[in-house]
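**Q** Protein chains in written order, with the working numbering: chain A, 1 to 111; chain B, 1 to 374.
Derived by calculation from the structure, the hints in this document are not laboratory data.
Any given hint might turn out to be false.
Okay, derived cross-link-like pairs now, SDA-like style, lysine to any residue, Cα gap no bigger than 20 angstroms in a straight line [claimed, not checked]:
#1 A:Lys46 <-> B:Asp242
#2 B:Lys194 <-> A:Glu79
#3 A:Lys16 <-> B:Leu56
#4 A:Lys77 <-> B:Asp242
#5 B:Lys194 <-> A:Thr67
#6 B:Lys331 <-> B:Glu77
#7 B:Lys74 <-> B:Tyr342
#8 B:Lys194 <-> B:Asp205
#9 A:Lys77 <-> B:Lys194
#10 A:Lys68 <-> B:Tyr291
#11 A:Lys68 <-> B:Ala245
#12 B:Lys252 <-> A:Glu78
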Amino acid sequence: MANSYYDPADLRKFGKITEWSEEIGNKFFDYYGKVFEEGALSAREKSLIALAVAHVVKCPYCIDAYTKDGLQRGITKEEMMEAVHAGAAIESGATLVHGVQMMNKYNKLSM
Amino acid sequence: MGLATNNKQFKKMAESILPQIKKAAKKSLKARDGELASINRQLDILNGGIFADGELPYFKDKIAEIGHHPLRPKKLEILQINVGYMCNQVCEHCHVDAGPDRKEIMTRETMELCLEVIRNTGAHTLDLTGGAPEMNPDFRWFVEEASKAGIQDFIVRSNLTIIRANKKYYDLPEFFKKHNVHVVSSMPHYTRGKTDKQRGDGVFDKSIKALQELNAVGYGMPGSDLRLDLVYNPSGAFLPGDQMAMERDFKKALDEDFGIQFHNLFAITNLPISRFLDYLVASGNYEDYMYALVEAYNPAAVANVMCTNTISVSWDGWLYDCDFNQMLDLKVASKVKHLKDYNEDILNDRNIVISQHCYGCTAGAGSSCQGTVA
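Chain A on its own, in the form it takes in the complex:
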């Protein structure tokens, strides 16, 4: 066993999860592949969405994977950072909008 929870080399082994549960593993990868194909959104746009979400869910594997994917697609670092901010803004907005709940509760409890 490795002595840290995350090992960058584990990313290339991702496909191996099918070895312990083939059918649903394969279904996941089929779905995953389909999702990122060109569609109503371009594969390039989806790559940036994936990068933003990767940061929000704080997945180091996904950040490595979609930074590289972005480079391969010619996405600039400015575009990548803006995508990360879009994710971060939603994440902090999600925290802050709970402030309304706090305010409501405060008002209800106060005379």
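Keeping the supplied structure of chain A fixed, place chain B upon it in accordance with the hints.
**A** Below, chain B alone, put in the same frame as chain A:
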């Protein structure tokens, strides 16, 4: 375990090389006596490590699975001649390790041998490369003579900045036009930052100016017979994206920002040799890059890899299966190894020399000097 050991080895090697790279980025590996200037050291890396451990399969075993080992040539279509390693740029990824300090330049005598072959070959395409081919003092003479041979497609691989490097090169667009040369030029990105990072400060602005000048004489314009194609190769340890998508992005950006037109974009994979291998090892990306190449292996690309229709000629007249083998000094496995003994029939009856760098040409949609192959 194997992986851990290798990582340690590579890290150690990286530490020893990195300061040199930082210090001497304006020089070729050869001039700075870099460890990887040694061809044997490069082949050791490509044949050892993760391949010797069995972590990744050897290229020969991979192509044997689909009955392509030994790899054999098809009809010869392209003669690619490297007229010298001297260049006005020192690009970080250059597989030729070209630069201003390289003195290997094709002589007129060797050019005469080339011309003899060009006049008699069955190949339909002549492809001049370098270095910056224009820096060879006999370049113009050679182009004039070669264009008389009536070859169908006459390519010169021009790095663009050479056109703006010195007054004596300013008329190159007109010169190319006069001899109906097909211009193929490198352009790593449509933004200044990424281009200059890979190729050096100021390369982007000079390249844009050169492209505008080529457009001005008719090169690259829609419907024009004066062909202008661009070559894109990744500026780092990643593979090129979809060639058509990249072409669309390049066309849009270059047209909107600079009014530049071109015909096609060739997306070329960086092969792990020479300066690019040096970078991969020093930056700790070597293993991941090889994994990425092997994972992206596409059997459909094998049948059309460029070594099956190309012969590469070095500045001193030796013959190779491709420009990459030339840089690794892996000469053709044939009785005919040099221009002076040239015989197309004997030469075409040979096994192509391969190693693990060949995965670079079979990854994804495949890669060749003419772009994707699958």
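**Q** Run every hint past the structure and note whether it holds.
**A** Hint by hint, here is what the structure shows:
1. A:Lys46 <-> B:Asp242: holds, 15 angstroms
2. B:Lys194 <-> A:Glu79: holds, 13 angstroms
3. A:Lys16 <-> B:Leu56: Answer holds: Lys16 (chain A) to Leu56 (chain B) is near 16 angstroms, not above 20 angstroms.
4. A:Lys77 <-> B:Asp242: Judged against 20 angstroms, a Cα distance of about 19 angstroms means the pair holds.
5. B:Lys194 <-> A:Thr67: Cα-Cα ~15 angstroms, so holds.
6. B:Lys331 <-> B:Glu77: Answer holds: Lys331 (chain B) to Glu77 (chain B) is near 19 angstroms, not above 20 angstroms.
7. B:Lys74 <-> B:Tyr342: holds, 17 angstroms
8. B:Lys194 <-> B:Asp205: holds, 12 angstroms
9. A:Lys77 <-> B:Lys194: holds, 10 angstroms
10. A:Lys68 <-> B:Tyr291: holds, 14 angstroms
11. A:Lys68 <-> B:Ala245: Distance of about 16 angstroms is within 20 angstroms: holds.
12. B:Lys252 <-> A:Glu78: The given pair, whose Cα atoms are some 18 angstroms apart, holds under the 20 angstroms limit.
Comparing the model with each earlier hint shows no violations; every hint is respected.
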